[in-house]
Amino acid sequence: MFELKPCDPVTYRQQTRRSTLIVAVLFLALAMLLSSLAVMLFGEPGGDNFRFNVGGVFAGVLITVALVRGPFWTQPWLAPAVYGWRLKRSLMSVTNVMHKVRERVQANDPVAIKLLRFYHLGLTQMHELDANSSAQAQLVGEIEAHKAKMEALGIDTDQPRLDPAWLDSLKGA
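Read in UniProt numbering, the sequence shown has 25 at position 25, and its numbers run on one by one without any break.
The hints are simulated quantities; they were obtained by calculation from the structure and are not laboratory data.
Accuracy of the hints is not assured; some may be wrong.
Straight-line Cα separation of at most 27 Å, DSSO-like style, residue types lysine-lysine; simulated pairs [claimed, not checked]:
no.	residue 1	residue 2
1	LYS114	LYS100
2	LYS5	LYS88
3	LYS114	LYS88
4	LYS5	LYS149
5	LYS114	LYS5
6	LYS149	LYS114
7	LYS147	LYS5
8	LYS100	LYS149
What follows is a list of derived Cβ distance ranges for each label pair [what the hints assert, rightly or not]:
no.	residue 1	residue 2	range
9	PRO9	ARG161	32 to 42 Å
10	PRO45	GLU3	52 to 62 Å
11	MET40	ASP168	49 to 59 Å
12	LYS5	GLY47	47 to 57 Å
13	LYS147	PRO9	16 to 26 Å
14	VAL54	TRP85	25 to 35 Å
15	LEU139	GLY47	53 to 63 Å
16	VAL65	ALA148	41 to 51 Å
17	TRP73	ALA152	22 to 32 Å
18	PRO6	SER133	17 to 27 Å
Beta carbons are placed, not taken as given, at the ideal position from N, Cα and C, and that holds for glycine.
Let's have the full structure, built from the sequences with the hints guiding it.
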């Protein structure tokens with residue numbers, strides 16, 4: 001279950017830039033080290049060592065991904081980037097069934113109505129975090145109309161959690 005958390009957009013962008021820089025520097029260092037090591041161990045002096053250089057870069061990619069998805073994933077310095085990644089993955093899971101969501105919202109299905117509200121809240125936060133105000137401005141009317149519909153039906157408009165059961169119920173419908 002994913003839950004929206006309050007985030008300061010400016011701080012979020014600073015922290016994600018910093019974590020991106022850390023991961024990029026780590027990758028560059030690993031790729032250069034492993035390429036040099038591969039050429040030194042397996043290469044030929046004055047020969048074509050391109051494949052060893054590419055192999056070192058590829059190994060650098062694999063090790064960097066393993067480190068990020070492994071021990072770094074739970075580190076505080078990577079937390080904002082992980083949150084942003086999870087937010088976007090959650091929104092994508094809703095986008096993948098959006099045709100069913102909209103269809104079920106028209107039929108006043110409470111699960112679909114809550115799911116669409118979570119989607120709107122998550123999308124609003126994503127746009128704020130990414131400083132994408134133009135995309136957000138295009139959705140204001142749709143978001144407000146949906147919120148008014150929820151209020152008229154007596155459904156709580158505070159939907160900060162994505163319940164996987166909501167998605168499952170739509171996939172089965």
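Hints and how they fare:
1. LYS114 - LYS100: 13 Å, holds
2. LYS5 - LYS88: Status holds; Cα separation ~13 Å.
3. LYS114 - LYS88: Cα-Cα ~18 Å, so holds.
4. LYS5 - LYS149: 24 Å, holds
5. LYS114 - LYS5: 17 Å, holds
6. LYS149 - LYS114: OK: LYS149 and LYS114 at ~11 Å, within 27 Å.
7. LYS147 - LYS5: 20 Å, holds
8. LYS100 - LYS149: 18 Å, holds
9. PRO9 - ARG161: 32 to 42 Å: Distance hint for PRO9, ARG161 is violated at roughly 21 Å.
10. PRO45 - GLU3: 52 to 62 Å: 58 Å, holds
11. MET40 - ASP168: 49 to 59 Å: About 53 Å separates the Cβ atoms of MET40 and ASP168, which means 49 to 59 Å holds.
12. LYS5 - GLY47: 47 to 57 Å: For GLY47 against LYS5, whose Cβ atoms are near 54 Å apart, the range 47 to 57 Å holds.
13. LYS147 - PRO9: 16 to 26 Å: Holds - the Cβ-Cβ distance for LYS147 and PRO9, about 22 Å, lies within 16 to 26 Å.
14. VAL54 - TRP85: 25 to 35 Å: Taking Cβ atoms as reference, VAL54 and TRP85 lie about 28 Å apart, which means the hint holds.
15. LEU139 - GLY47: 53 to 63 Å: 58 Å, holds
16. VAL65 - ALA148: 41 to 51 Å: 45 Å, holds
17. TRP73 - ALA152: 22 to 32 Å: At 42 Å between Cβs, range violated.
18. PRO6 - SER133: 17 to 27 Å: 18 Å, holds
When held up to the earlier numbered hints, the structure conflicts with 9, 17 and fits the remainder.
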